[in-house]
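Chemist: Chains as they are written, first to last, in this note's numbering: chain E, 1 to 180; chain H, 1001 to 1186; chain S, 2001 to 2450.
I should point out that these hints are in silico values taken from the structure, not numbers from a laboratory.
Estimated spans, in silico, between C-beta atoms of each pair:
1) Phe2261/S / Glu1181/H: 19 to 27 Å
2) Arg2158/S / Arg1154/H: 51 to 59 Å
3) Phe177/E / Phe2261/S: 27 to 35 Å
4) Ala116/E / Lys1069/H: 22 to 30 Å
5) Glu2112/S / Glu1176/H: 47 to 55 Å
6) Lys2332/S / Arg1154/H: 28 to 36 Å
7) Ala2107/S / Glu1176/H: 38 to 46 Å
The list that follows gives simulated cross-link-like pairs (lysine to aspartate or glutamate, DMTMM-like), each with its CA atoms no further than 25 Å apart:
8) Lys2373/S / Glu1118/H
9) Lys65/E / Glu1057/H
10) Lys2373/S / Glu1128/H
None of these values were measured; they are calculated from a predicted model.
Quick reminder that beta carbons are idealized off the backbone N, C-alpha and C, glycines included.
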Amino acid sequence: MSDRAGQACALTVLAPIERGRQDLLRTLLQGLPTGAESPLARAPGTHFARWVVVPQLVYQGPPQKRDELDLAYLMFTSNFDGPLEPYLDALCGPMGEAADAIWGCCIGWPGLGDPASAKAYLLRNRLATSLFVAGYPQARLPEVLRALELRERVTRFAIGAQGQGAESLALAWRQEFGGP
Amino acid sequence: MSNVEGKARAITVLSPVRPGWPLWLHGLFFAGTHLTFSLKKLQQLSFIHYARWAIVERRWPGGDRPRGKRQRYRYLLFESNFNGSWDEYIDAFSEVVPTRMRLIWGSSYGFPGPLPVEPFKAYIRKNELPIDHYYSAYPAATTTEVISALEVARAFESFIARSRGLAGADFKRSYEDFLFEVQHHL
Amino acid sequence: MNPARPLQLENIQGALLRGYRLPLATYLFLTVKAPASARLWLGEMAEEVLTAAPWEAKPDWALNLYVTYAGLGVLGVPESALATFPGDFRAGMAARADLLGDTGASAPERWEEGIGGPDVHLMVMLSGADRRLTDERRRWLRDSLERAGGLGVLSEQRGGALPGNREHFGYADGFSQPPVEGFEDDRPRPGGGAPQKQGGWRPIRAGEFVLGYPDEEGVSPPEPAPPVLGRDGSYLVFRKLAQDVVGFRAMLDRAMDVYPFSEELLAAKLVGRFRDGTPLDRLPDGPDPSLVADPDRNNDFRYADDPEGLRCPVGAHVRRANPRESMPFQGKLVNRHRILRRGITYGPPLPEGSPEDGQDRGVLFMCFQASIKRQFEFVQAQWFNDGNAFRLGDDKDVLLGDHDGTAKTLIPGRPPTLISPLSRLVSTRGGEYFFCPSIAALRHLSAVGA
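Here chain E stands alone, though its shape is the one from the complex (with noise of 0.2 Å):
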């Protein structure tokens, strides 16, 4: 049972939807910017992450019996760099808005407007992960990017330093990568 890889965290929180709330609440996560513009992007740290509405269990057919929810559920899974006590903050804090217009729909969401309580909140709903299976289990989220940024500096200079002499390699080494 382990919420962590290496250095890498997982989270998970199913949270119970106000009865009347799902389709707002769908909306909103649907019309939120991606990419770099997501909310999530302001919780440094987050490499991958997701909500999901799950508005009702699917029935597999007999011998199943039918189990139904009473209420739909938000699910929030988060990818991150450990541990997860600061990462809890940035979420309720960095994110703002975005997290309180989400979770506001969620019952008894307490608000940002207290942290520690929100905090409790996501806490308590928690799920423990049974398995946690991660590509690059060391590497941070400030790595990872200054390395792909790296990787293609490296990949251009390479294509364009071949075939040079010893004496212009050395130069152009210097001046794309600095050092002395």
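Based on the hints, put chains H and S in the right spot on chain E.
Modeler: Relative to the frame of chain E, chains H and S by itself:
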């Protein structure tokens, strides 16, 4: 509604667990985290950024109440962030780790087995939840690209240290060593 | 594993299981104007189709017939049966353009008329041993269409093999085709079929190419209904691919500015074989005609001991097309993505050193498979138009990739060579997805809805 963000794809599957299985599932997951060899194949496939399994107990979370309604079954949640096509992902799962798939989803109602793959795909499709908002911090990169980039960064640091003070032919030789080392990651 | 029924060779179209290696081919793309007359003609032609049954002597001509999804509907196949065909085939090739990289110069809006699209219903492939015979058979075919009425010819494509089985970029082609289990001598030559853990090779299960037989999963995949229509059939991909020979040679010239070895080796590194066919994985230093001539050796390689691609680059064309044992898990990730290629070149060869002559040339590409999506489309999208499966990032196949003028490719070595920029060398001029019905299915179609 999108389960795609750049090259990243998301799967969220919630499936009812047969009574009697859950305890065993917990044990299985415990073994999974400790016996890394059972995950090595998945990692070797190297198209999963992050994936998790979690059990939703019969009493669902209740918001500000202690607990929600008691459901008839426990549920197995599978959440994955990967790259490549959906079909390719499921194919690879089925072909490469069928035993593991059987162990994990074998406890769920309606699971047809990992092979043949078409019924398994239909099962996942049926139980997959549509995603309302999906975020990736590096949507342009696949898992292998991230791993490659980290390799380049590591080799870069060591080249910088190694080439300090080198000039002319010595620098060039050192650079060529660096390039030889990272060529497959560019 | 289900007990496999033997391949019904009298019922399966010949071109599916057998490359005829006839040097000329002509393709007529037909539209149905009057279904009743078209069905009569189809019934007549069903009896002329060359099947996969064993030959006593190799025929000097062959006729084969294929039908599009729109064609099935026009001929009168009921909606309930149409719905049992898979989505890729029903959508047709143009609808899959983004997935296939058919964008820019290859975009369907720019395709030639009459090869694909909703008006194309049937395609007749006529193969012949020489010009006189092929022309004679073509007249006979055209006459039969005239007599029958109810069918119009939308376009005609003509192909002719180049000397030495070369394609226009100058490479010998056709060394590697998967042997089909249960078909004639299915013992694979070394390098054919699926690599086995304990060494050696085995044929690919027939169900990967013919409907109604167990495939690599050991089960018969779903087939269209009714069985008489689907069984012993297959799916055919037809693409007219124009090759920019001048552009290819110019790319090699430019690359020689940064490549420290011979142009001959460079050309081999990009493709995975020397121009004469010598596989790099076997002989990384230079071609050897005696090896090329020996079918037990000219395809006998696995890449397994060259994961870095120092002999044959990981991104080389033939290594992408069939990665053999370089992928992990003993071919499990490869065996479900094989295709039977049946193509022929078109247009005149461009002599070495000639400037652009404005002539259209390339290949009339054809391949058969049980699932267009899992086989042809997967290979095109994942293996040729992306590099991630091989840990090559965004790198695409040098020859087939839809390059945008910035891409690169790597020739591993010390030092490595990075060739960039790359631009598109092969453009799609048209194409369509066809169903390759069995003989019984053709007879069924000739009577359907009547």
